[in-house]
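Residue numbers (this note's numbering), protein chains in the order written: chain A, 44 to 372; chain B, 44 to 372; chain C, 44 to 372; chain D, 44 to 372.
Among the hints, erroneous ones may be present.
Note that identical chains are pooled: a pair holds if it fits in a single copy or bridges any two copies.
Mimicking SDA-like on lysine to any residue, the simulated pairs with C-alpha atoms at most 20 Å apart in a straight line are [as the list claims (entries may be wrong)]:
1. Lys-305 - Tyr-240
2. Lys-104 - Asp-116
3. Lys-305 - Met-211
4. Lys-334 - Gly-81
The set of hints was computed from the structure by calculation and includes no laboratory data.
Number of protein chains: 4
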Amino acid sequence: MEYRRLGKSGLQISALSFGSWVTFHGQVDDSAGDRLMGLAYDNGINFFDNAEVYALGESEKMMGRVLKNKNWDRTSIIVSSKAFFGWRGANNKPNQTGLSRKHLMEACHEALQRMQLDYLDLYYCHRPDRNVPIEEVVWTMTNLIQQGKILYWGTSEWTAAEIMEAHMVARQYNLIAPVVEQPEYNLFRREKLELEYLPVFSSVGLGTTIFSPLASGILTGKYNNGVPEGSRLSLEGYEWLRNRNLLEANIAKVVKLEKVAKELGTSLATFAVAWTIRNPNVSSTILGATKETQLTETLKAIDVYQQLTPEIMKEIDAIMENAPMAIRH
Amino acid sequence: MEYRRLGKSGLQISALSFGSWVTFHGQVDDSAGDRLMGLAYDNGINFFDNAEVYALGESEKMMGRVLKNKNWDRTSIIVSSKAFFGWRGANNKPNQTGLSRKHLMEACHEALQRMQLDYLDLYYCHRPDRNVPIEEVVWTMTNLIQQGKILYWGTSEWTAAEIMEAHMVARQYNLIAPVVEQPEYNLFRREKLELEYLPVFSSVGLGTTIFSPLASGILTGKYNNGVPEGSRLSLEGYEWLRNRNLLEANIAKVVKLEKVAKELGTSLATFAVAWTIRNPNVSSTILGATKETQLTETLKAIDVYQQLTPEIMKEIDAIMENAPMAIRH
Amino acid sequence: MEYRRLGKSGLQISALSFGSWVTFHGQVDDSAGDRLMGLAYDNGINFFDNAEVYALGESEKMMGRVLKNKNWDRTSIIVSSKAFFGWRGANNKPNQTGLSRKHLMEACHEALQRMQLDYLDLYYCHRPDRNVPIEEVVWTMTNLIQQGKILYWGTSEWTAAEIMEAHMVARQYNLIAPVVEQPEYNLFRREKLELEYLPVFSSVGLGTTIFSPLASGILTGKYNNGVPEGSRLSLEGYEWLRNRNLLEANIAKVVKLEKVAKELGTSLATFAVAWTIRNPNVSSTILGATKETQLTETLKAIDVYQQLTPEIMKEIDAIMENAPMAIRH
Amino acid sequence: MEYRRLGKSGLQISALSFGSWVTFHGQVDDSAGDRLMGLAYDNGINFFDNAEVYALGESEKMMGRVLKNKNWDRTSIIVSSKAFFGWRGANNKPNQTGLSRKHLMEACHEALQRMQLDYLDLYYCHRPDRNVPIEEVVWTMTNLIQQGKILYWGTSEWTAAEIMEAHMVARQYNLIAPVVEQPEYNLFRREKLELEYLPVFSSVGLGTTIFSPLASGILTGKYNNGVPEGSRLSLEGYEWLRNRNLLEANIAKVVKLEKVAKELGTSLATFAVAWTIRNPNVSSTILGATKETQLTETLKAIDVYQQLTPEIMKEIDAIMENAPMAIRH
């Protein structure tokens with residue numbers, strides 16, 4: 044495994060990491076979760092990602108049970124949670140969601156309880172909340188760090204300007220600024236990481252833990268012939284993914300990408316994950332899996348990504364036609 | 044129920060809320076308190092207001108017992124207390140009242156004990172204290188937040204200049220500023236909210252939780268024919284209300300208001316409460332009640348207030364003759 | 044009893060207070076201590092002064108036992124301790140004295156244990172320590188306040204410039220400044236309070252709790268005919284007091300003062316104590332006593348001090364010939 | 044024993060101190076450790092130095108057991124640990140070493156557990172970590188102080204510029220700056236202390252606890268005739284010392300130094316240790332020992348160092364030919 048510094052912070056994170064989103068509790072039981080996390084850990088993954096909203100708290104509980112059972116050295120792993128959407132779903136009441144001091148404090152306490160942990164390594168604002176001043180967020184995160192309940196904090200799907208405002212407020216009031224952002228990043232969604240965040244990377248520094256490297260599965264190539272029963276895109280609640288991604292034009296691009304992957308002697312999924320960590324501004328790519336074979340396959344990206352020469356990257360850009368800027372090749 | 048942001052803070056508060064002042068312990072027992080708070084909660088009220096001085100601590104104890112019995116999700120409610128007058132009444136010794144660090148700290152600990160809570164959501168300075176530097180107050184409130192004992196703090200019946208001084212001190216020393224003020228506000232007392240606080244609302248932001256929306260009962264119309272036995276104004280200790288409010292001229296205005304209410308097909312009490320939340324600078328109007336029917340009646344204000352058209356608001360101003368500025372209609 | 048604001052802080056302190064120095068453990072046992080503190084409390088005294096060095100920790104233990112036995116409301120009293128000299132006397136090792144963060148932290152913990160308290164209201168630096176940067180002192184005191192172990196902090200026998208440096212450091216680093224100084228003050232020692240501290244009183248504010256109002260007993264008049272057996276000045280270890288105070292010239296002045304006291308119909312001791320609280324910059328005068336009759340006598344100063352007209356004050360100045368400035372009469 | 048102020052801090056440290064490096068657990072068992080620490084304490088040593096990496100945590104555990112057994116007054120001793128290298132040796136995983144907030148926090152908790160202590164007096168960054176912003180280090184150390192887990196913090200083998208950056212960051216964000224640096228210092232390694240740190244000593248102040256006063260044993264003279272079996276230099280893992288120090292030229296210098304020592308009537312080891320504490324910028328020289336006789340010998344340096352007249356110092360400089368500047372003699 045390769046470890047990368049999380050932005051300008053001192054935390055070392057594995058370039059590939061494990062996320063429980065959409066799998067834990069929903070598609071994976073404790074036994075499978077135990078095997079998957081064990082496989083991840085044995086392959087050097089040290090970051091295990093979670094959020095209060097994943098399976099409405101059940102994902103955190105399940106990861107907590109697995110961690111307790113594994114009994115790994117607490118210092119060897121990075122565990123996260125995220126506050127914003129609440130864990131009560133349709134039953135969320137006011138202040139049981141969002142980024143107010145009330146919800147951030149209460150959500151952190153509840154996440155620690157569900158995960159049976161004394162502290163979280165990373166605590167994310169799962170989305171921006173325009174109804175809460177960023178000053179209140181930075182103050183609360185700093186208080187949580189001072190109280191020893193979290194070590195670092197970050198954001199997910201915030202704009203570059205919002206992240207910079209958090210830094211501005213931290214400078215003004217002598218508070219602790221965020222160190223990480225969790226955006227979606229894959230061959231279809233490149234703008235945030237390759238364009239919008241550039242000034243943040245170079246000025247105050249920003250680590251990124253990116254999700255959906257396979258664009259909800261489309262980059263495995265498994266939808267090239269339509270959506271099979273039982274795949275994530277056929278599950279209830281994921282219609283929005285289908286609408287956005289399953290355009291015929293995209294499938295056509297995926298077919299071309301698969302050829303490039305085969306020429307490299309690798310699978311499309313491995314290839315697509317490798318492409319994400321080829322970007323030096325990606326600190327860690329979060330992998331999801333329901334089966335060990337899936338995880339084994341995407342873990343190979345660590346070995347594959349350095350084969351992505353500038354020439355291959357140009358070839359990919361030519362296929363995708365969505366490179367925001369010619370910044371790296 | 045409608046929820047409003049408490050000033051520029053991230054807290055969402057119900058536009059109508061429940062206060063225990065003058066009722067709990069004095070006129071209402073645990074059983075009635077349980078029914079009233081249950082009715083409030085079931086109607087979407089999330090803010091339950093209290094203070095150390097209400098029934099000299101007994102109001103907090105009673106609310107604490109009800110909350111324990113109800114066993115509502117702690118994250119679904121906002122609970123407050125206020126320090127200043129002490130809870131020992133005539134037996135108050137020096138430092139058992141006021142806003143010194145000693146009383147604020149000790150009063151907070153005592154309130155948490157009486158209410159059987161780990162933290163208060165809102166903690167108010169019940170009055171300004173000219174014998175304590177505002178710097179000491181802002182420092183102490185910030186320390187209480189850092190210690191996790193309170194989440195937000197505010198003031199009650201402070202002048203706009205005093206609130207701004209608290210913000211100035213917070214900026215100077217990197218401390219946490221107040222987010223809420225609790226003034227009296229009703230058709231007879233409009234100056235603070237409609238004039239004095241305007242620059243505070245627009246500059247640093249200020250939530251308001253207002254009390255006495257019915258002007259101690261006069262706006263229910265029940266004194267239109269004199270003060271009946273058993274009403275609050277006839278209770279011992281409330282003579283001051285009689286002197287201030289029960290002027291004949293005011294009763295005459297109330298009679299006119301009742302006509303407007305009837306034209307809208309609502310009761311005078313509902314109408315008067317609706318008028319308060321018609322003001323967008325009111326975050327929440329605190330309702331008191333001794334009987335469920337009273338609460339049911341005033342809760343209707345949520346549906347009524349949007350019927351208060353600019354024309355009706357002008358009509359009301361013409362009756363009351365006390366609009367400080369033509370700011371909203 | 045009269046209560047005064049402690050400098051510009053919000054704390055209200057009784058103009059007369061009770062100190063255990065040189066009496067507790069040494070000359071007074073638990074039973075007498077209980078009676079004396081009870082008498083003080085019943086007369087409205089709310090400040091009980093102590094220090095780690097008094098009877099080498101035994102004074103704090105004894106006061107702690109009396110407080111536990113009395114079971115007064117904790118919020119009704121102000122309890123202090125002071126760090127600097129250590130409590131091990133000749134056995135003090137390095138870092139068991141002074142104002143380093145190590146000693147201040149450890150001494151505070153030890154004092155709380157000896158006194159069986161959760162927090163001290165006032166915590167003093169018993170002397171300046173030129174081997175510790177004032178920055179380290181202000182940081183440590185602020186940390187102790189943030190940790191809830193003390194409420195306010197102060198100094199004893201610091202120079203005005205040192206107190207101002209503490210304020211300067213607090214301003215620079217956003218820390219909490221001291222609010223009180225404990226100097227010696229009596230008819231023979233007037234310079235600090237009447238001259239040196241004047242700019243501190245008027246700029247940043249400074250409360251004072253003064254000790255030795257009777258100049259180690261000389262102002263009771265009991266040494267007018269020599270030092271009797273059993274008095275404090277004849278006790279071993281107090282020779283330094285004899286050398287400084289028992290000059291014949293001073294005794295002559297005391298004789299003259301006694302006449303003035305008699306003309307006012309009061310005892311010399313009461314008169315001398317009254318003279319100290321006549322100074323509005325004195326927040327509280329600390330009274331020591333081994334017998335209840337002594338305390339009863341000096342407590343009368345509350346009633347006497349307002350009889351000290353400008354004319355009488357001038358008469359006193361004429362006798363003492365040591366008024367630093369004509370500032371008050 | 045002589046006590047010195049640790050830089051500009053308020054801590055008083057014995058000019059000679061006791062280090063467990065390379066001896067505890069490796070060459071010394073609990074019984075010998077108990078005797079050695081007892082001898083040190085009885086001779087006035089108050090500083091006991093440790094680090095997570097010494098014997099991979101076993102040195103801290105052993106010192107903890109000895110301290111528990113000795114039951115010395117906690118306030119009479121200064122105990123340190125250092126974070127950076129981790130205690131898992133070859134098994135260290137990412138974030139189990141370095142100066143990130145994660146490792147500093149976790150390493151501190153683990154050191155306290157191993158040593159069975161509530162707080163450390165000194166906590167060092169064992170080396171600089173260029174993968175962690177100094178801002179993160181200063182923030183974390185300040186948080187640890189505020190949480191009461193450490194009292195002071197320092198560095199080891201940092202450059203003067205890095206130490207100054209820590210002070211700069213502390214000034215910028217109102218945090219607590221380091222007070223001590225632990226460099227190697229002996230007759231062969233003089234540059235850091237005698238040249239590089241000079242501006243730090245004179246501007247912000249810096250205490251030093253220096254290690255290897257005998258240059259890994261060469262300054263005892265025992266290698267003058269080659270490396271005997273069983274000495275430290277013959278132990279596995281210390282080859283680097285041999286390569287660096289055992290140059291023939293250095294041995295020749297040692298022979299000359301021994302003559303000077305004999306003229307003073309002292310042993311070479313005592314003489315070499317004395318030379319280190321002759322430098323007023325040395326706060327404390329850390330002594331290691333496997334036998335009580337060794338410790339007894341080096342403890343004599345306290346009496347010897349004041350015999351090192353300017354003339355003798357010049358003689359030494361002439362032998363060593365490595366004085367960076369003529370600053371002291």
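Checked hints:
no.: 1; hint: Lys-305 - Tyr-240; in the structure: neither (32 Å within a copy, 59 Å between copies)
no.: 2; hint: Lys-104 - Asp-116; in the structure: both (19 Å within a copy, 19 Å between copies)
no.: 3; hint: Lys-305 - Met-211; in the structure: neither (47 Å within a copy, 54 Å between copies)
no.: 4; hint: Lys-334 - Gly-81; in the structure: within (12 Å within a copy, 48 Å between copies)
Hint violations for this structure: numbers 1, 3, all remaining hints satisfied.
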